[in-house]
Amino acid sequence: MNTVVAKLQRQFQDYLVSLYQQGFLDNQFTELRKLQDEGTPDFVAEVVSLFFDDCSKLINSMSRSLERPENVDFKQVDSGVHQLKGSSSSVGARRVKNVCISFKECCDVQNREGCLRCLQQVDYEYKMLKTKLQDLFNLEQQIVQAGGAIPQVNIN
Amino acid sequence: MGMATESQFHVLAVDDSLVDRKMIERLLQKSSCQVTTVDSGSKALEFLGLRESNESNDPNAPSSSPVTHQEIEINLIITDYCMPGMTGYDLLKRVKESAAFRSIPVVIMSSENVPARISRCLEEGAEEFFLKPVKLADLTKLKPHMMKTKLKKESENSAKEDNAVLKHEIRKEEEPSVIEVLPLHQEVEQEPMLSNNKRKAMEEVISTDRSRPKYNDITTLV
Numbered sequence: 128m129n130t131v132v133a134k135l136q137r138q139f140q141d142y143l144v145s146l147y148q149q150g151f152l153d154n155q156f157t158e159l160r161k162l163q164d165e166g167t168p169d170f171v172a173e174v175v176s177l178f179f180d181d182c183s184k185l186i187n188s189m190s191r192s193l194e195r196p197e198n199v200d201f202k203q204v205d206s207g208v209h210q211l212k213g214s215s216s217s218v219g220a221r222r223v224k225n226v227c228i229s230f231k232e233c234c235d236v237q238n239r240e241g242c243l244r245c246l247q248q249v250d251y252e253y254k255m256l257k258t259k260l261q262d263l264f265n266l267e268q269q270i271v272q273a274g275g276a277i278p279q280v281n282i283n
Numbered sequence: 467m468g469m470a471t472e473s474q475f476h477v478l479a480v481d482d483s484l485v486d487r488k489m490i491e492r493l494l495q496k497s498s499c500q501v502t503t504v505d506s507g508s509k510a511l512e513f514l515g516l517r518e519s520n521e522s523n524d525p526n527a528p529s530s531s532p533v534t535h536q537e538i539e540i541n542l543i544i545t546d547y548c549m550p551g552m553t554g555y556d557l558l559k560r561v562k563e564s565a566a567f568r569s570i571p572v573v574i575m576s577s578e579n580v581p582a583r584i585s586r587c588l589e590e591g592a593e594e595f596f597l598k599p600v601k602l603a604d605l606t607k608l609k610p611h612m613m614k615t616k617l618k619k620e621s622e623n624s625a626k627e628d629n630a631v632l633k634h635e636i637r638k639e640e641e642p643s644v645i646e647v648l649p650l651h652q653e654v655e656q657e658p659m660l661s662n663n664k665r666k667a668m669e670e671v672i673s674t675d676r677s678r679p680k681y682n683d684i685t686t687l688v
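Chain order of the listed sequences is A and B.
For the first sequence, the tail end lands on 283 under the numbering used here, and the numbers increase by one without skipping.
For the second sequence, the tail end lands on 688 under the numbering used here, and the numbers increase by one without skipping.
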């Protein structure tokens, strides 16, 4: 029994569970992990990477749309929020998704200030999640390098 | 029977979101399907070989094969509803309007649960409506729809063989329906053996008038 591996696996499990408990991730992330196997070991990392790219791009374009108070393109902002909500929902990025819900409400009533606050929040949340998941993937990598298997973690 | 060497189902997935395309692709692969992904409805039509000038209206175009230089067999189209330009609903309509492709089952995905939208899609001919995010478990619903087209294709391919088999089966069908007429009083016992077709045949004979040969005459045919 390789105790180094066992220790790492334990660490990984605890960390992943904490991400769910703190609301960073939801059940959809579990679904995402199900799609990864020996043939596609980087699937989750690839998809979340695409998601973070999406976040960055959409946040930038929404920021531009919200920039001038006298000329806000709420249609564009709404489209951006819709896309962000969709992809965050697809990967299980719970906090990001929840901000999008509030964001949409501000957009619907054309509340520029509210939109700006939500934009800031969504930026914060996606970056926070990015850091957390990076830590998770690092743990995964360490397990694999130590010759161990990634544990199946069941979240209730 | 003419079994295709790659008996995998081929699914065409349409979604403007890159993240969702990656997801649906992997979901389908995990469900043992071959997948082609495109990012718009118009690209989907292009892939199928349906160009803007709808050649399904062309009387000279063969209705049973795709009007394209490629031999593409698609067993299912799964598409997002909300897409810029051509929506999933528009794509659904175009497919169902096409003589060549209307038999392909179409499934719509949407992140929004709008009952009016759902019924509209189902009315237009969509087989299923999935709420996003789509899960592995959802895809098990697709197999029966894809099986229909697969079986249809296979039966078309081995048409001659099937015709011969079919004729033989029809003859077999006819005989029992004549025999069944005889033991009317034992009808109840016979019931489990009767298929709907046979039962119907029996009822038809019973309801015809007396000019028909009497039952004991028929027995001699046995």
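Treat each hint with caution, since some may be false.
[Unchecked claim] Partial list, derived from the structure: chain A residues whose beta carbon lies under 10 Å from chain B:
(1) K134
(2) E158
(3) Q210
These aren't lab readings, by the way, just hints derived from the structure by calculation.
Bear in mind the structure is a predicted one, so any value in this text is a computation, not a measurement.
Yeah, the Cβ is synthetic: ideal placement off N, Cα and C, and Gly gets one too.
Results of checking the hints against the structure:
no. : hint : result
1   : K134 : violated, 31 Å
2   : E158 : holds, 5 Å
3   : Q210 : holds, 7 Å
Hint check: a violation occurs at hint 1 only; the rest are consistent with the structure.
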